[in-house]
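J.: Chain residues, written in single-letter form:
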Amino acid sequence: MELFFSQILDGVSIGSVLLVSATGLAIVFGLMGVINLAHGEFMMLGAYVTFVVQSIFKPMGGVLFELYFPIALVAAFVVTALVGVLLERTLIRQLYGRPLETLLATWGVSLIMVQLIRSVTTAMIAAIVAGVLLGLLAVRFLAARFAEYPFFPYLRGVVWAAALGVGLAINGALASVRPLASAWFGPRNIDVTAPKWLQGSWGKIAGIELPGIRIFIILLSVALLLAMLWFLRKSVWGLRMRAVTQNRQMSNCLGIPTDRVDSITFGIGSGLAGVAGVGITLLGSVGPNLGAAYIVSCFMVIVLGGVGNLTGTVIASLLLGILQSVIGSGSILIAFPDLPASVKGVVEFFATTSMSLVLVFTFIIAFLQFRPNGMFPQKGRSVEV
Amino acid sequence: MKNFKRLLPWILLAIAFFILPAILDDFRLNLFGRYFSLAITALAIDLIWGYTGLLSLGQGIFFSLGGYAVAMHLMLNTKSEAGGNGIPKFFENYGVDQLPFFWQPFWSPMSTLILLWLVPAVVAGLVGYLIFRNRIKGVYFSIITQAALMVFYHFFNGQQKLINGTNGLKTSTTEIFGQLVGSPDLQGWFYRITVLLLPLAFLACRYFTSGRFGDALIAIRDDEVRLRFTGFNTVPYKTIVFIVAGLLCGVSGALYTVQSGIVSPQYMTIAMSIEMVIWVAVGGRGTLVGPIIGAVLVNYLRSLVSEALPEMWLFVQGALFIFVVVLMPDGIYGWFTKGGFTRLLAAFGLAPRTATYPQLDLEVAPASEGRVISND
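If you're matching them up, the sequences are chains A and B in order.
Count along the first sequence from 1, then add 519; that gives the number in this note's numbering.
So that you can map any letter, position 184 of the second sequence is 180 in this note's numbering, and since no number is skipped, the others follow by simple counting.
It is possible that part of the hints are untrue.
[To be verified] Straight line, CA to CA, 35 Å or less: simulated DSBU-like cross-link-like pairs of lysine-lysine:
{"id": "1", "chain 1": "B", "residue 1": "K75", "chain 2": "B", "residue 2": "K157"}
{"id": "2", "chain 1": "A", "residue 1": "K863", "chain 2": "A", "residue 2": "K723"}
{"id": "3", "chain 1": "B", "residue 1": "K166", "chain 2": "A", "residue 2": "K863"}
{"id": "4", "chain 1": "B", "residue 1": "K157", "chain 2": "A", "residue 2": "K863"}
{"id": "5", "chain 1": "A", "residue 1": "K723", "chain 2": "A", "residue 2": "K577"}
{"id": "6", "chain 1": "A", "residue 1": "K577", "chain 2": "A", "residue 2": "K715"}
{"id": "7", "chain 1": "B", "residue 1": "K85", "chain 2": "A", "residue 2": "K863"}
Hints were generated in silico from the structure; no laboratory data involved.
When you get a sec, could you build the whole thing from the sequences and use the hints?
T.: So this is what it looks like as structure tokens:
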């Protein structure tokens, strides 16, 4: 029975990570109608930021190393939020009102991010910065002269292609310098060591060990959820966000700067994914492909909970986490040892990680047959939801 | 010129059927055979996405089901693959001594030829009907199909005892008609079959996209609510077109499997199914020629890049996604047919500029996409 409860605790902690990430995804989707398939890669980015912060603090050792984790949390949020804002300003902005297109474009972004993490070198960063600066300068210079001409858009395209060529050339030239050309992370998985105060047990309740890592993740997600609630309900920008979610055109007419609201929303959404990524580093080793494993679960949470409903998101993510972990570990068999043989066979059949996902996703698809809009559908008299 | 246009498909078919096998070596010919079989999948996706507006991210399910059907038949009928009980060897590794029941129909070639498209079609019908019945559409449809894809992926990936799990079924070492499936001779024949089936798939798609049925599909894409309010029940239309697409994907997967030499759960990854969508987007959705061009072009590009710089392919692919979606939403074929090339020439003063009407801003606000009739 104890094992059963610790399995549930596992599930709750996985659910909490999902919750943080899915909340980010949900506010972006609810507000902007953007399906962000790169959301999983933002989680991955957060995990790698944690790894970098840890690597910086490791040589310092002692008390400083014990403190790295809160710093990593903040750093992951800030870095992923900034990348998110950058993405919104450059790409997502062009695609408003076309959700299916955002889905494809963000998938492209996710591919690039995965490969970037795998093969990023100092030389590559230098080449990217040089190429982008060159391109921006050249476009600005040419715009002063040719902006009026009809061929200017094509000219701009040519300039950016040339900038890409220059970037590739710089990368190639720098690649011969050994220290600049070694990959930062490589394609292999990385491991983050949790500080001592997180490892081990945080005491017992009714004979059940409380592993520090799991409790910390749960507390963290509760704190983030409360912060998010406060932000949405009490702050000025939260008010604006809710207004834009409800009626974009009317908000715009009333003077709410919708484009800045969009940027901030996308930043916060990505930042939440980053923080979820920090949580994942505590649960096991992480690799460049981490995003793909979580993205479908995140979407399932949103669909199951009902779009634009935080209560639904909370319940759905916890449910998903618990079911996944309890079914996948087969701990039902241990908790209830005297099940009939036929039931036992079925439970054993699904007692692996992948088979538990089969069961959980099937369950969700079946559930949507009865409640097509999730557990807590948005109320309204509109024809379409 | 008019005669040329009428003859062009026949010329292309003749080139693909007679000239390509003569000038390409076995390896390249096999690659082109794979591209053409993938083009059938692209056509199927165009049918449901380009014409009906349903972006399915789960076509990999049907693709793999077709592939597994063929692979199971080949495994069963190869003497060198047979283990102790006359069942494929890999079962021994997992201590299975009895053939799982669903393998039984694949002994016979006839029933395999039927099941390789019937199973995907039935699964598509079931999944499609359940989704469409509840009026799940737009991005929700995409997400649900992706979840369905994950169900199948994890099932095939996790079931070693039933279907050899992650390893998949290798067909290149199996035999048919007393010859190795991987042998150049048989591969040449598979190529020819593919080249003949692709036009058939094209004609099937043209049949479904023309006439009243095709008009209904396009109406569903452009404004389903209005269509419903005029008294149409859209569910059968969407279900039928989804079944046809699933069937085509099954055929395509079977052809691809015999030519690539393996079928594995890798065909059911999220990445593979989204990649199928980008072939259509690159070629030009909403046209029937576009997807074929797109599938062949993108996969050719993939071979080129992967041979030279394997680690660059994801960058190129990602950039392709972004480029096509943002700058070329009509794809290559659509860009040409909608006057993109003439506009390019005109911009540089090489062709007379055509007068354009001032554009009216009729875009619906982002958050209320598809919610034209709002609640106020």
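J.: Holds or violated: are the alpha carbons of A:K863 and A:K723 at most 35 Å from each other?
T.: 31 Å, holds
J.: Would the hint linking A:K723 and A:K577 be met if the CA-CA limit is 35 Å?
T.: 30 Å, holds
J.: Taking only the CA atoms, is the gap from B:K157 to A:K863 under or equal to 35 Å?
T.: It holds: about 18 Å lies between the C-alpha atoms, which stays within 35 Å.
J.: Would the hint linking B:K85 and A:K863 be met if the CA-CA limit is 35 Å?
T.: 29 Å, holds
J.: Check the hint pairing B:K166 with A:K863 against an upper bound of 35 Å on the C-alpha distance.
T.: Holds, at about 33 Å.
J.: Would the hint linking A:K577 and A:K715 be met if the CA-CA limit is 35 Å?
T.: Holds, at about 13 Å.
J.: Does B:K75 pair with B:K157 here, judged by a C-alpha cut-off of 35 Å?
T.: Holds - the C-alpha atoms of B:K157 and B:K75 are around 20 Å apart, at most 35 Å.
Checked against the numbered hints above, the structure breaks none of them.
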